[in-house]
Amino acid sequence: MKRLIMLLLTSLLLAGAIYAYTDSFSEMQSDPLFLQLLDAVKNGKNAEEADEAYTSYMQSTANPLYLSRAEYHMVRYYMDMGMKEEAEEHLEKQKEFLSLVDDSASEVERLVAQVDSTSSEYYVTKKLGAGMENNKLVKELYKKYPDEFYAALQEGFRLIYAPPIAGGSDKKALKIFSDIESNQEGISHLDYYSLLVGKAMALSGLKEYEESEAYLDRACEIYSFDVSVPEIRSDNAKGLKK
1 MKRLIMLLLT SLLLAGAIYA YTDSFSEMQS DPLFLQLLDA VKNGKNAEEA DEAYTSYMQS
61 TANPLYLSRA EYHMVRYYMD MGMKEEAEEH LEKQKEFLSL VDDSASEVER LVAQVDSTSS
121 EYYVTKKLGA GMENNKLVKE LYKKYPDEFY AALQEGFRLI YAPPIAGGSD KKALKIFSDI
181 ESNQEGISHL DYYSLLVGKA MALSGLKEYE ESEAYLDRAC EIYSFDVSVP EIRSDNAKGL
241 KK
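Residue numbers (the numbering used here): 1 to 242.
By construction, these hints were calculated from the structure, which means they are not laboratory data. A virtual CB, placed ideally from N, CA and C, is assigned to each residue, including glycine. It is possible that part of the hints are untrue.
[Stated by the list, open to error] Pairs of lysine to aspartate or glutamate residues, derived as DMTMM-like cross-links and limited to a Cα-Cα distance of at most 25 Å, are as follows: (1) K175 x E213; (2) K95 x E121; (3) K126 x D80; (4) K93 x D31; (5) K172 x D80; (6) K95 x D31; (7) K171 x E181; (8) K84 x E107; (9) K84 x E48; (10) K175 x E231; (11) K171 x D235; (12) K172 x E213; (13) K241 x D170; (14) K143 x E109; (15) K175 x D147; (16) K171 x E109; (17) K45 x E121; (18) K143 x D23; (19) K84 x E121; (20) K143 x E121; (21) K136 x E185; (22) K242 x E221; (23) K95 x D80; (24) K144 x E181; (25) K238 x E211; (26) K207 x D170.
[As the list claims (entries may be wrong)] DEER-style ranges, computed between Cβ atoms: (27) K127 x K172: 24 to 30 Å; (28) E48 x Q184: 33 to 39 Å; (29) L128 x Q59: 35 to 41 Å; (30) P163 x E89: 30 to 36 Å; (31) S104 x S60: 18 to 24 Å; (32) Q36 x K242: 39 to 45 Å; (33) Q59 x K84: 36 to 42 Å; (34) G129 x L100: 22 to 28 Å; (35) G239 x A20: 32 to 38 Å; (36) K136 x E96: 20 to 26 Å; (37) E48 x G129: 30 to 36 Å; (38) G168 x Q59: 24 to 30 Å; (39) K127 x S106: 26 to 32 Å; (40) K127 x P230: 23 to 29 Å.
Starting from the given sequences, assemble the full structure and let the hints guide the process.
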(Lines of atoms letter the chains of each structure in order from A and count residues from 1; the text may use other names and numbers.)
(Lines give C-alpha, C1' and ligand atoms only; values in the text may rest on other atoms or scores of the structure.)
Protein backbone atom coordinates (compact mmCIF):
# COMPACT_ATOMS: atom_id res chain seq x y z
CA MET A 1 0.00 0.00 0.00
CA LYS A 2 2.83 2.33 0.93
CA ARG A 3 4.54 1.60 -2.40
CA LEU A 4 1.31 2.32 -4.30
CA ILE A 5 0.95 5.69 -2.57
CA MET A 6 4.54 6.57 -3.47
CA LEU A 7 3.92 5.63 -7.11
CA LEU A 8 0.79 7.78 -7.23
CA LEU A 9 2.62 10.75 -5.72
CA THR A 10 5.45 10.35 -8.22
CA SER A 11 2.97 10.23 -11.11
CA LEU A 12 1.29 13.41 -9.91
CA LEU A 13 4.61 15.20 -9.63
CA LEU A 14 5.62 14.14 -13.11
CA ALA A 15 2.26 15.18 -14.55
CA GLY A 16 2.69 18.65 -13.14
CA ALA A 17 6.33 19.00 -14.10
CA ILE A 18 7.41 21.65 -16.58
CA TYR A 19 9.55 20.46 -19.48
CA ALA A 20 13.26 21.11 -19.61
CA TYR A 21 13.10 22.59 -23.09
CA THR A 22 15.70 21.98 -25.79
CA ASP A 23 16.66 23.65 -29.07
CA SER A 24 17.76 21.41 -31.93
CA PHE A 25 18.81 24.48 -33.92
CA SER A 26 20.85 26.19 -31.19
CA GLU A 27 23.99 26.21 -33.35
CA MET A 28 22.20 28.01 -36.17
CA GLN A 29 20.41 30.43 -33.87
CA SER A 30 23.66 31.53 -32.22
CA ASP A 31 25.52 32.01 -35.53
CA PRO A 32 26.53 35.71 -35.84
CA LEU A 33 25.72 35.76 -39.56
CA PHE A 34 22.25 34.31 -38.97
CA LEU A 35 21.67 36.84 -36.19
CA GLN A 36 22.73 39.55 -38.65
CA LEU A 37 20.12 38.25 -41.11
CA LEU A 38 17.44 38.29 -38.42
CA ASP A 39 18.42 41.83 -37.45
CA ALA A 40 17.86 42.94 -41.04
CA VAL A 41 14.57 41.21 -41.75
CA LYS A 42 12.93 41.48 -38.33
CA ASN A 43 13.79 45.14 -37.90
CA GLY A 44 12.41 46.02 -41.33
CA LYS A 45 15.65 47.22 -42.89
CA ASN A 46 15.60 48.00 -46.61
CA ALA A 47 15.76 45.23 -49.19
CA GLU A 48 19.38 45.96 -50.08
CA GLU A 49 20.51 45.46 -46.48
CA ALA A 50 18.35 42.35 -46.12
CA ASP A 51 19.76 40.84 -49.33
CA GLU A 52 23.31 41.59 -48.22
CA ALA A 53 22.78 39.85 -44.88
CA TYR A 54 21.02 36.98 -46.65
CA THR A 55 23.87 36.48 -49.12
CA SER A 56 26.47 36.51 -46.35
CA TYR A 57 24.64 33.83 -44.41
CA MET A 58 23.81 31.63 -47.40
CA GLN A 59 27.48 31.60 -48.43
CA SER A 60 28.56 30.55 -44.94
CA THR A 61 26.88 27.14 -44.77
CA ALA A 62 26.01 24.18 -46.98
CA ASN A 63 23.50 22.68 -44.55
CA PRO A 64 20.19 22.44 -46.46
CA LEU A 65 18.24 22.50 -43.19
CA TYR A 66 19.76 25.82 -42.21
CA LEU A 67 19.40 27.21 -45.72
CA SER A 68 15.74 26.21 -45.81
CA ARG A 69 15.08 27.93 -42.49
CA ALA A 70 16.85 31.08 -43.66
CA GLU A 71 14.58 31.16 -46.71
CA TYR A 72 11.57 31.00 -44.37
CA HIS A 73 12.55 34.35 -42.87
CA MET A 74 13.10 35.89 -46.31
CA VAL A 75 9.65 34.75 -47.42
CA ARG A 76 8.00 36.46 -44.47
CA TYR A 77 10.14 39.56 -44.81
CA TYR A 78 9.20 40.14 -48.44
CA MET A 79 5.52 39.39 -47.87
CA ASP A 80 5.45 41.84 -44.98
CA MET A 81 7.24 44.43 -47.14
CA GLY A 82 4.53 44.01 -49.81
CA MET A 83 6.93 42.37 -52.28
CA LYS A 84 5.05 39.18 -53.13
CA GLU A 85 7.03 38.30 -56.26
CA GLU A 86 10.28 38.22 -54.29
CA ALA A 87 8.55 36.21 -51.54
CA GLU A 88 7.44 33.64 -54.11
CA GLU A 89 11.02 33.30 -55.38
CA HIS A 90 12.30 32.58 -51.88
CA LEU A 91 9.45 30.14 -51.28
CA GLU A 92 10.62 28.09 -54.25
CA LYS A 93 14.19 28.18 -52.93
CA GLN A 94 12.96 27.05 -49.53
CA LYS A 95 11.24 24.05 -51.11
CA GLU A 96 14.39 23.21 -53.08
CA PHE A 97 16.58 23.21 -49.98
CA LEU A 98 14.01 21.15 -48.08
CA SER A 99 14.14 18.52 -50.85
CA LEU A 100 17.91 18.23 -50.31
CA VAL A 101 17.61 17.27 -46.63
CA ASP A 102 18.84 13.69 -46.27
CA ASP A 103 18.72 10.96 -43.63
CA SER A 104 21.56 12.53 -41.66
CA ALA A 105 19.02 15.01 -40.30
CA SER A 106 17.08 13.96 -37.23
CA GLU A 107 13.32 13.52 -37.31
CA VAL A 108 12.74 16.65 -35.26
CA GLU A 109 14.93 18.69 -37.64
CA ARG A 110 13.03 17.43 -40.68
CA LEU A 111 9.66 18.10 -39.06
CA VAL A 112 10.67 21.63 -38.10
CA ALA A 113 11.78 22.32 -41.68
CA GLN A 114 8.49 20.92 -43.01
CA VAL A 115 6.50 23.09 -40.60
CA ASP A 116 8.47 26.12 -41.80
CA SER A 117 7.88 25.24 -45.45
CA THR A 118 4.11 24.75 -45.15
CA SER A 119 3.89 27.90 -43.05
CA SER A 120 5.65 29.85 -45.80
CA GLU A 121 3.43 28.39 -48.49
CA TYR A 122 0.27 29.33 -46.60
CA TYR A 123 1.65 32.81 -45.83
CA VAL A 124 2.21 33.45 -49.54
CA THR A 125 -0.63 31.55 -51.23
CA LYS A 126 -3.31 31.45 -48.49
CA LYS A 127 -4.24 28.02 -49.85
CA LEU A 128 -6.43 26.04 -47.45
CA GLY A 129 -4.52 22.84 -48.18
CA ALA A 130 -1.23 24.40 -47.10
CA GLY A 131 -2.82 25.67 -43.90
CA MET A 132 -4.29 22.27 -43.09
CA GLU A 133 -0.98 20.52 -43.77
CA ASN A 134 0.83 22.99 -41.53
CA ASN A 135 -1.72 22.45 -38.76
CA LYS A 136 -1.25 18.67 -39.02
CA LEU A 137 2.55 18.91 -38.97
CA VAL A 138 2.58 21.24 -35.95
CA LYS A 139 0.38 18.81 -34.02
CA GLU A 140 2.67 15.92 -34.96
CA LEU A 141 5.79 17.87 -34.04
CA TYR A 142 4.41 18.88 -30.64
CA LYS A 143 3.09 15.40 -29.89
CA LYS A 144 6.49 13.83 -30.55
CA TYR A 145 8.70 16.62 -29.19
CA PRO A 146 6.80 18.66 -26.58
CA ASP A 147 10.08 19.65 -24.95
CA GLU A 148 11.42 21.37 -28.09
CA PHE A 149 11.17 25.17 -27.83
CA TYR A 150 10.05 25.58 -31.43
CA ALA A 151 7.48 22.77 -31.21
CA ALA A 152 5.89 24.22 -28.08
CA LEU A 153 5.84 27.74 -29.50
CA GLN A 154 4.22 26.61 -32.74
CA GLU A 155 1.61 24.62 -30.84
CA GLY A 156 0.81 27.74 -28.85
CA PHE A 157 0.30 29.75 -32.04
CA ARG A 158 -1.73 26.91 -33.57
CA LEU A 159 -4.09 26.99 -30.59
CA ILE A 160 -4.51 30.76 -30.99
CA TYR A 161 -5.26 30.69 -34.71
CA ALA A 162 -7.41 27.54 -34.78
CA PRO A 163 -11.17 28.06 -34.31
CA PRO A 164 -12.67 26.55 -31.13
CA ILE A 165 -14.38 23.83 -33.17
CA ALA A 166 -10.90 22.70 -34.29
CA GLY A 167 -9.50 22.74 -30.76
CA GLY A 168 -8.33 26.34 -30.66
CA SER A 169 -8.01 27.87 -27.20
CA ASP A 170 -6.31 31.05 -26.00
CA LYS A 171 -6.34 29.62 -22.49
CA LYS A 172 -4.43 26.49 -23.53
CA ALA A 173 -2.05 28.58 -25.60
CA LEU A 174 -1.38 30.84 -22.62
CA LYS A 175 -0.54 27.82 -20.48
CA ILE A 176 2.04 26.61 -23.02
CA PHE A 177 3.64 30.05 -23.32
CA SER A 178 3.68 30.46 -19.54
CA ASP A 179 5.35 27.06 -19.13
CA ILE A 180 8.06 28.08 -21.58
CA GLU A 181 8.50 31.42 -19.84
CA SER A 182 8.95 29.64 -16.52
CA ASN A 183 11.65 27.40 -17.97
CA GLN A 184 13.37 29.50 -20.62
CA GLU A 185 16.98 28.56 -19.92
CA GLY A 186 18.76 28.11 -23.25
CA ILE A 187 16.07 29.82 -25.31
CA SER A 188 17.31 31.67 -28.39
CA HIS A 189 16.83 35.38 -29.04
CA LEU A 190 14.34 34.58 -31.81
CA ASP A 191 12.33 32.04 -29.82
CA TYR A 192 12.15 34.41 -26.85
CA TYR A 193 10.72 37.07 -29.14
CA SER A 194 8.14 34.58 -30.42
CA LEU A 195 7.28 33.68 -26.83
CA LEU A 196 6.60 37.32 -25.92
CA VAL A 197 4.42 37.94 -28.98
CA GLY A 198 2.59 34.64 -28.53
CA LYS A 199 1.81 35.36 -24.90
CA ALA A 200 0.66 38.87 -25.84
CA MET A 201 -1.73 37.38 -28.40
CA ALA A 202 -3.14 34.86 -25.95
CA LEU A 203 -3.61 37.51 -23.26
CA SER A 204 -5.35 39.81 -25.73
CA GLY A 205 -7.72 36.99 -26.69
CA LEU A 206 -8.49 36.50 -23.00
CA LYS A 207 -9.17 40.27 -22.63
CA GLU A 208 -6.10 40.86 -20.47
CA TYR A 209 -5.27 43.90 -22.59
CA GLU A 210 -2.89 45.79 -20.30
CA GLU A 211 -0.77 42.71 -19.66
CA SER A 212 -0.78 41.98 -23.38
CA GLU A 213 0.56 45.46 -24.07
CA ALA A 214 3.36 44.94 -21.55
CA TYR A 215 4.49 41.80 -23.38
CA LEU A 216 4.35 43.58 -26.73
CA ASP A 217 6.53 46.37 -25.34
CA ARG A 218 9.13 43.80 -24.29
CA ALA A 219 8.95 42.08 -27.69
CA CYS A 220 9.49 45.34 -29.57
CA GLU A 221 12.69 45.93 -27.62
CA ILE A 222 14.07 42.86 -29.43
CA TYR A 223 12.66 43.25 -32.96
CA SER A 224 10.63 46.16 -34.30
CA PHE A 225 9.16 44.86 -37.58
CA ASP A 226 6.24 42.47 -37.20
CA VAL A 227 2.93 43.08 -38.94
CA SER A 228 1.05 41.14 -36.27
CA VAL A 229 2.03 43.55 -33.49
CA PRO A 230 0.01 46.57 -34.71
CA GLU A 231 -2.99 44.28 -35.15
CA ILE A 232 -2.75 43.06 -31.55
CA ARG A 233 -2.27 46.61 -30.29
CA SER A 234 -5.36 47.71 -32.22
CA ASP A 235 -7.44 44.95 -30.60
CA ASN A 236 -6.05 45.88 -27.19
CA ALA A 237 -6.89 49.56 -27.69
CA LYS A 238 -10.47 48.70 -28.63
CA GLY A 239 -10.77 46.40 -25.62
CA LEU A 240 -9.42 49.01 -23.21
CA LYS A 241 -12.00 51.55 -24.41
CA LYS A 242 -14.92 49.31 -23.46
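Checked hints:
no.	hint	verdict
1	K175 x E213	18 Å, holds
2	K95 x E121	9 Å, holds
3	K126 x D80	14 Å, holds
4	K93 x D31	21 Å, holds
5	K172 x D80	28 Å, violated
6	K95 x D31	23 Å, holds
7	K171 x E181	15 Å, holds
8	K84 x E107	31 Å, violated
9	K84 x E48	16 Å, holds
10	K175 x E231	22 Å, holds
11	K171 x D235	17 Å, holds
12	K172 x E213	20 Å, holds
13	K241 x D170	21 Å, holds
14	K143 x E109	15 Å, holds
15	K175 x D147	14 Å, holds
16	K171 x E109	28 Å, violated
17	K45 x E121	23 Å, holds
18	K143 x D23	16 Å, holds
19	K84 x E121	12 Å, holds
20	K143 x E121	23 Å, holds
21	K136 x E185	28 Å, violated
22	K242 x E221	28 Å, violated
23	K95 x D80	20 Å, holds
24	K144 x E181	21 Å, holds
25	K238 x E211	15 Å, holds
26	K207 x D170	10 Å, holds
27	K127 x K172: 24 to 30 Å	26 Å, holds
28	E48 x Q184: 33 to 39 Å	35 Å, holds
29	L128 x Q59: 35 to 41 Å	37 Å, holds
30	P163 x E89: 30 to 36 Å	32 Å, holds
31	S104 x S60: 18 to 24 Å	19 Å, holds
32	Q36 x K242: 39 to 45 Å	43 Å, holds
33	Q59 x K84: 36 to 42 Å	26 Å, violated
34	G129 x L100: 22 to 28 Å	23 Å, holds
35	G239 x A20: 32 to 38 Å	35 Å, holds
36	K136 x E96: 20 to 26 Å	23 Å, holds
37	E48 x G129: 30 to 36 Å	35 Å, holds
38	G168 x Q59: 24 to 30 Å	41 Å, violated
39	K127 x S106: 26 to 32 Å	29 Å, holds
40	K127 x P230: 23 to 29 Å	25 Å, holds
Violated hints for the displayed structure, listed by number in ascending order: 5, 8, 16, 21, 22, 33, 38.
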